[in-house]
Amino acid sequence: MYSFRRRRPLSEPAPVRPGVPTWEAVAREHGRFLYSVAYRLSGNHDDAQDLVQEVMMRVQRGLATYEPGNLEGWLARITTNAFLDDRRRRARRPEAPLGDDPDRLLAPAPSVDEALAATQLPDHIQAAIATLAPDFRAALVLCDVVGLPYGEIADQLGVPVGTVRSRIHRARAQLREQLG
Amino acid sequence: MNDDRLTDDRLSAWLDGELAPAERAELDDELARSAQLRADIEAISAVRGLVRSLPPVDPPFGFFERVGRTAPRARASRPSIRSRAARRRLVGSVVAVAAAWLLILGFGAGVGALRVVPPLDALADRHATAYAAGDGYTEMRMADAEVLGPARGDMALVAAWHDATVVQLVYADSGGTISVFRQRGSLDGDHLPAGGAAMAVGGMAAWSTEMHELKVVVVDAGDAVYTVVGAMANTDHVVSMAGAVPLVHRSSSFWSITRRGVDRVGDTVGF
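Protein chains in written order, with the numbering used here: chain R, 603 to 782; chain U, 832 to 1102.
To be clear, the hints were calculated from the coordinates, so they are not data collected in a lab. Cβ coordinates follow ideal geometry from the N, Cα and C atoms, glycine included. Incorrect hints may have been included.
Unchecked claim - Covered stretches of chain U, going by a simulated chain R footprint (3 or more residues, C-beta under 8 Å):
no., region
1, 882-894
2, 1020-1033
Claimed, not checked - Beyond 12 Å from chain U on every Cβ pair, some chain R residues (computed):
no., residue
3, Tyr641
4, Arg642
5, Glu656
6, Val657
7, Asn672
8, Leu673
9, Asn683
10, Arg690
11, Ala693
12, Pro736
13, Asp757
14, Gly760
15, Arg778
Stated by the list, open to error - Computed list of chain U residues with no C-beta within reach of chain R, every gap over 12 Å:
no., residue
16, Val925
17, Ala995
18, Val1070
Assemble the whole structure, with the sequences as input and the hints as a guide.
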């Protein structure tokens, strides 16, 4: 018997899949988590904002194929990969020397958000984290900020579990050295 | 503290619960025997605790809204906008915007442009009471009026009035008074009354006549029509003023057409 129920044309995209959040839901419900991870990785608000912007673009593309599961683990993977991509890019194309322009030598005045954040955050710990090599920093943040197990960190970074263990420990040892 | 003592990555793995049972048992034995090793693991544990105690960091107020606005290409493909109704609304909006642009450009290019025939009798009557409000005319700011009037002339601007469609600029000297009426639009030469004659003033097409002891010159100044009215005795001044009205060149650039179109649409819908 013929059904009058409308059939979805092939040209029409599939509806939102159950369990897959929208871009807006990710921003609304996981924005603070994302920003925290980005800030711990990048070490300052300007870079954190650039990083989150890049991450949200990748999230938008990735939601089409995202399989419902550990959403924050997935977001942390994207954030870490974007961070490491950026650091590798910077390493290939180091920024030009700034010269003696006094405006550049003077540190810019902190924004209201940064000033507020400075009153809330233990700056010396964040500053010490920012001195770690990017690979060490990524492993440490995934372990101690995101709370992922070594196996998952290894999967995210594409390195053996032994390498993750070594990087996390060396990162902590270097922090211990710096923090006294 | 000696850095060398902190190279044993089993310490972090022990703290994180990531050691295999055999390895953990082995390290437990070593810890039981070595005070130094216990001090080392306490040092690493302290650092681990510090990092783990770092509070979440809030993004700046409105940050994600700004990200959403600055990533239109990514947002455009978000699933929620893919619904049939949303796409229909999107198409409707695009069509409406395109239609508005076509209307503006069409008006700007001259399609549907306002064609004006000055109401000569009414303007002549208005000239007779040039120094008072009335007949629907109200006073306007002189600064606004000055830019609309002739660029040069022997007479001074002494009053300015306007009604819904006409601006009246009143010029005077010891010899008399001249009214310069301005209407938006282009001159509809086909419907001017009989008895006048075509002429040219200041490089602009014009038409002149005499009525009620008055000299009247009508000038097509591009986007505006000027009607200059004065006593017959002041004919030279009337013609001189008519030749000095500001000509609005009809530029064919996109933005000129657009600007004209916006003005004309505004005239048409009454604002």
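Hints, one by one, checked against the model:
| no. | hint | verdict |
| --- | --- | --- |
| 1 | 882-894 | holds (count 11) |
| 2 | 1020-1033 | violated (count 0) |
| 3 | Tyr641 | 4 Å, violated |
| 4 | Arg642 | 7 Å, violated |
| 5 | Glu656 | 10 Å, violated |
| 6 | Val657 | 9 Å, violated |
| 7 | Asn672 | 18 Å, holds |
| 8 | Leu673 | 16 Å, holds |
| 9 | Asn683 | 17 Å, holds |
| 10 | Arg690 | 23 Å, holds |
| 11 | Ala693 | 25 Å, holds |
| 12 | Pro736 | 16 Å, holds |
| 13 | Asp757 | 14 Å, holds |
| 14 | Gly760 | 18 Å, holds |
| 15 | Arg778 | 5 Å, violated |
| 16 | Val925 | 18 Å, holds |
| 17 | Ala995 | 48 Å, holds |
| 18 | Val1070 | 62 Å, holds |
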